[in-house]
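A.B. asks: Protein chains in written order, with our numbering: chain C, 691 to 912; chain E, 691 to 912.
I should point out that these hints are in silico values taken from the structure, not numbers from a laboratory. Hints are supplied without guarantee of correctness; some may be wrong.
Copies of the same chain look alike in the list, so a pair counts if it works inside one copy or between any two.
Unchecked claim - Cross-link-like lysine-lysine pairs, in silico, DSS-like; alpha carbons within 25 Å at most:
#1 LYS765 / LYS694
#2 LYS836 / LYS811
#3 LYS836 / LYS861
#4 LYS811 / LYS765
#5 LYS890 / LYS811
#6 LYS861 / LYS890
#7 LYS890 / LYS765
#8 LYS765 / LYS836
#9 LYS811 / LYS861
#10 LYS694 / LYS836
#11 LYS694 / LYS890
Number of protein chains: 2
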Amino acid sequence: MEAKAPSARTTVKRLADRAVYERRTIEAILDEALYCHVAVVDDGSPRVIPTIHARISDTLYIHGSNASRTLRTVKDGGEVCVVVTLLDGLILARSVFNHSMNYRSVMVYGTAREVTDPAEKWEAQRALVEHIVPGRTADARMPSEKELRQTTILAIPLDEASAKVRSGPSKDAEEDYALPVWAGEIPLRLVAQPPIDDPKLPPGVATPDYARHYSRRGTPQS
Amino acid sequence: MEAKAPSARTTVKRLADRAVYERRTIEAILDEALYCHVAVVDDGSPRVIPTIHARISDTLYIHGSNASRTLRTVKDGGEVCVVVTLLDGLILARSVFNHSMNYRSVMVYGTAREVTDPAEKWEAQRALVEHIVPGRTADARMPSEKELRQTTILAIPLDEASAKVRSGPSKDAEEDYALPVWAGEIPLRLVAQPPIDDPKLPPGVATPDYARHYSRRGTPQS
Numbered sequence: 691m692e693a694k695a696p697s698a699r700t701t702v703k704r705l706a707d708r709a710v711y712e713r714r715t716i717e718a719i720l721d722e723a724l725y726c727h728v729a730v731v732d733d734g735s736p737r738v739i740p741t742i743h744a745r746i747s748d749t750l751y752i753h754g755s756n757a758s759r760t761l762r763t764v765k766d767g768g769e770v771c772v773v774v775t776l777l778d779g780l781i782l783a784r785s786v787f788n789h790s791m792n793y794r795s796v797m798v799y800g801t802a803r804e805v806t807d808p809a810e811k812w813e814a815q816r817a818l819v820e821h822i823v824p825g826r827t828a829d830a831r832m833p834s835e836k837e838l839r840q841t842t843i844l845a846i847p848l849d850e851a852s853a854k855v856r857s858g859p860s861k862d863a864e865e866d867y868a869l870p871v872w873a874g875e876i877p878l879r880l881v882a883q884p885p886i887d888d889p890k891l892p893p894g895v896a897t898p899d900y901a902r903h904y905s906r907r908g909t910p911q912s
Numbered sequence: 691m692e693a694k695a696p697s698a699r700t701t702v703k704r705l706a707d708r709a710v711y712e713r714r715t716i717e718a719i720l721d722e723a724l725y726c727h728v729a730v731v732d733d734g735s736p737r738v739i740p741t742i743h744a745r746i747s748d749t750l751y752i753h754g755s756n757a758s759r760t761l762r763t764v765k766d767g768g769e770v771c772v773v774v775t776l777l778d779g780l781i782l783a784r785s786v787f788n789h790s791m792n793y794r795s796v797m798v799y800g801t802a803r804e805v806t807d808p809a810e811k812w813e814a815q816r817a818l819v820e821h822i823v824p825g826r827t828a829d830a831r832m833p834s835e836k837e838l839r840q841t842t843i844l845a846i847p848l849d850e851a852s853a854k855v856r857s858g859p860s861k862d863a864e865e866d867y868a869l870p871v872w873a874g875e876i877p878l879r880l881v882a883q884p885p886i887d888d889p890k891l892p893p894g895v896a897t898p899d900y901a902r903h904y905s906r907r908g909t910p911q912s
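With these hints in hand, go ahead and build the complete structure from the sequences.
C.D. replies: Given below as structure tokens:
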């Protein structure tokens, strides 16, 4: 890979051949993932929660509630570590030791900034919805000022990000290839099922295409 | 729910109606999830990595390598926070504010203990493989002593665990139900595709049933 790690702690040390520092790859993984895990230090202890995110250019926005203890911990400039993980397949090797997974993950370190500017907050909220269901903000009622105030959105610059990607077949030890053990990949996909109408939906409201043909399938990088 | 939170920090405060402290539910979520996110405090900073886990009775085992910086940080008794998250569907409400996801997640706090006893380490390694592909340890070559030494496995007691579950339709504000906006759920499933033979597989090695009919679908709790 041409690109370099942006800092010492984003330099992938373990299985360094899986490291990717190219911005294009990092962005594609962040954009495909439906949610992230955000880690903070809370009173000296580690704490991690799942939440949703969206990327606008070089900024990662993560969504919370005013009541979230985790986000409260960091919104005054605390450090966060955000990880997204996409699982692409299970790798069954001849040996248990070489079993693995094909995956694409991104790790972002940064200092969180609470988004308070109304225009930026509106755009971030819009991006959070469009990230998950492209097209949805054209239909759904957009937030009121009160609703926007009840929402916490944090911004993290994508300055310190790295990706880790594993793809391809298993790598067994030379002497294991002769074993009569099946080896291969079980590919895994996140697949949308047919949408379920809300029980209180009035008659005559059609299911939009973005719900009928929802797909999250990105193109695995290699 | 009948069961109580095992500690103050595992008491779900935000959206407390989603909290589940029943051991059966916690175990089912841990057992269905293919991987977890492990957060640690590393030199004062938060750090979170994805890794695989397996449960044996009241103990959660997580897998690492001797070279993993994250696991090195905690294997001498450091505190960890482990989260698994299963995404079941996207909830499209009439208002952007009430958009949500159906999910099942578990959060475990604990002090990690490195597994050094050879018998326990063997069983944990076996459980890690069987957790991901039930039946696989009957076929794959089990680890040598050297391979087992190259693997770090940490044990975390499941004393301090809680679950959070959201299911069912959207909850809109009363005045929004009249809006002519489609609302409903887009269910999501992790689906296995047909297995891909390893390119170096010798002729005559059949694809085992556990790979041909791989399924991760658990039963969502409600």
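A.B. asks: A separate judgement is required for each hint: does it hold in the structure or not?
C.D. replies: Hints, verified against the model:
| no. | hint | result |
| --- | --- | --- |
| 1 | LYS765 / LYS694 | neither (29 Å within a copy, 30 Å between copies) |
| 2 | LYS836 / LYS811 | within (13 Å within a copy, 54 Å between copies) |
| 3 | LYS836 / LYS861 | between (55 Å within a copy, 17 Å between copies) |
| 4 | LYS811 / LYS765 | within (14 Å within a copy, 41 Å between copies) |
| 5 | LYS890 / LYS811 | neither (30 Å within a copy, 53 Å between copies) |
| 6 | LYS861 / LYS890 | between (53 Å within a copy, 10 Å between copies) |
| 7 | LYS890 / LYS765 | neither (37 Å within a copy, 51 Å between copies) |
| 8 | LYS765 / LYS836 | within (20 Å within a copy, 46 Å between copies) |
| 9 | LYS811 / LYS861 | between (47 Å within a copy, 23 Å between copies) |
| 10 | LYS694 / LYS836 | neither (43 Å within a copy, 34 Å between copies) |
| 11 | LYS694 / LYS890 | neither (52 Å within a copy, 33 Å between copies) |
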